[in-house]
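J.: Residues 113 to 244 (the numbering used here) are what the sequence shown spells out, left to right.
There may be inaccurate statements among the hints.
Cβ-Cβ distance ranges computed for the label pairs, FRET-style [what the hints assert, rightly or not]: (1) Gly186 x Phe160: 30 to 38 Å; (2) Pro200 x Asn231: 17 to 25 Å; (3) Ala242 x Gly202: 24 to 32 Å; (4) Met196 x Ser159: 14 to 22 Å; (5) Gly141 x Gln179: 54 to 62 Å; (6) Val243 x Gln180: 16 to 24 Å; (7) Phe143 x Gln179: 33 to 41 Å; (8) Ser201 x Val129: 46 to 54 Å.
Keep in mind that the hints were calculated from the coordinates and are not lab data.
Backbone N, C-alpha and C define an ideal beta-carbon position, used for all residues, glycine too.
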Amino acid sequence: MNTPRHSERGIILLLVVVLVAAILSVSLGVFNMMLGEFRISGDAADSFRALYAADEGFERTLYKDRQQGPLCSGIADPCVPIVMVNVPSGACYEVRVARRAVAPRMKITVTGQYQCGVNPLRVVRRAFEAVY
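Work the whole structure out from these sequences, hints included.
T.: In structure tokens form, the structure reads like this:
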């Protein structure tokens, strides 16, 4: 009669190992999900910086076009040298102005970028484009 009890001793250890493995896999899944959410929230902040840099460049370019007269005198793409401008937030923007022979004549494209420099690890870009 003692034989069946001795054969069931290892089952508790097996159940504990299975239970610990299940808890570990659930906790790793939750950790992975939270890590992804932290990355997304960081990308959102970088995206806003790039968007605001593009907006600043766009507003400055439109202001120059309206106050100083047309930016382009000839028909070309780009008709003004492409310029990269740094802003205090650590972002930068690139302005591209093109002029066409047919209406709409002017096309302004401004691309804002966060993490500017020689070799940034991660780059976020957002752009505005106006055709008039």
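J.: Would you pick out the hints that fail for this structure and give their numbers low to high?
T.: Per hint list: single violation, 7.
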